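Turn these sequences into a full structure, and let the hints guide you.
Residue 98 in our numbering sits at position 26 of the sequence shown, and the numbers go up by one each step.
Each hint should be verified, as a subset may be incorrect.
To be verified - Ranges of calculated distance between the beta carbons of each label pair, as one might list FRET restraints:
#1 Glu-296 x Pro-234: 19 to 25 Å
#2 Ala-241 x Ala-144: 36 to 42 Å
#3 Pro-266 x Gln-163: 25 to 31 Å
#4 Phe-210 x Arg-295: 26 to 32 Å
#5 Ser-235 x Gln-289: 19 to 25 Å
#6 Leu-211 x Ala-144: 38 to 44 Å
#7 Thr-170 x Gln-200: 36 to 42 Å
Keep in mind that the hints were calculated from the coordinates and are not lab data.
Fair warning: this is a prediction, and the values are worked out from it, not measured in the lab.
Idealized CB from N, CA, C, for every residue including glycine.
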Amino acid sequence: MQDPFIHWIRLMCFCSPWPYWASPDKPRLTIPPAPSSRLEAAASLSSITNMTAVTAIMDPPYHLPYPLAILADLVPLGGARSERLHRDAAQAFLQMQTAARQSGIQLVPLSGYRDLPTQTFLFQRQIQRRGSERAARFLSAPPGFSEHHTGYAVDIGDGSQPSTHVQYAFAQTSAYGWLQAQAGSYGFELSFPPDNPQGVSFEPWHWRYVGTAQASQLFVQARELTSQFTRQLR
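Here it is as structure tokens:
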């Protein structure tokens, strides 16, 4: 996995503004070469030009920057949708899914790993629906800022109530109640609970895996780097 610090500075300092102009059916994202070292990246802090990206982490609702997972680390979860997660998260999810099934609960993986073009398309679509970039951030992360990039995040649905998939109504399902009580035992936590500090809308379907030191540290580091960067800007 790419060094999160270099990835982060790369997004902040070198990327062109988020490609809202990208064609919905053929999203495009051009990212110049990353700095070659942390020293070079740190030296770039004083030359930020991508203020759209900076706004994405300073102005609530905001999202944190995440590196893309190494594709070789991703494994399929099975099922009709063929979603993929990091092998550690995938193993834990399948164990959790089996345990839930034994309790009469059908956990369905709706979305796992996402690459940059996919996230670009999803964010562009929310802008078109909501009318502004800020309104879109309540419900979707800009490309480069989605937990789904890491391979450790998964949107979960209730197989017995598909009409609630990726809907607030999922919070009223048996699957959500089971996850609230049991997901922590398998290393999963809710990414965006009500009144979360990032100001993102409550997403009862969006869960992240923090059951290994590597996974947990990735999310901690994203928060720490964002805090460090915003302090230097203020």
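A quick look at each hint next to the structure:
1. Glu-296 x Pro-234: 19 to 25 Å: Given about 38 Å between the Cβ atoms, the range is violated.
2. Ala-241 x Ala-144: 36 to 42 Å: Once the Cβ atoms are compared, 37 Å apart, the range 36 to 42 Å for Ala-144 and Ala-241 holds.
3. Pro-266 x Gln-163: 25 to 31 Å: Since Pro-266 and Gln-163 have Cβ atoms about 30 Å apart, the given range 25 to 31 Å holds.
4. Phe-210 x Arg-295: 26 to 32 Å: violated, 19 Å
5. Ser-235 x Gln-289: 19 to 25 Å: This hint is violated: roughly 37 Å between Cβ atoms.
6. Leu-211 x Ala-144: 38 to 44 Å: violated, 31 Å
7. Thr-170 x Gln-200: 36 to 42 Å: holds, 39 Å
Hints 1, 4, 5, 6 from the list above are not met by this structure, while the remaining hints are.
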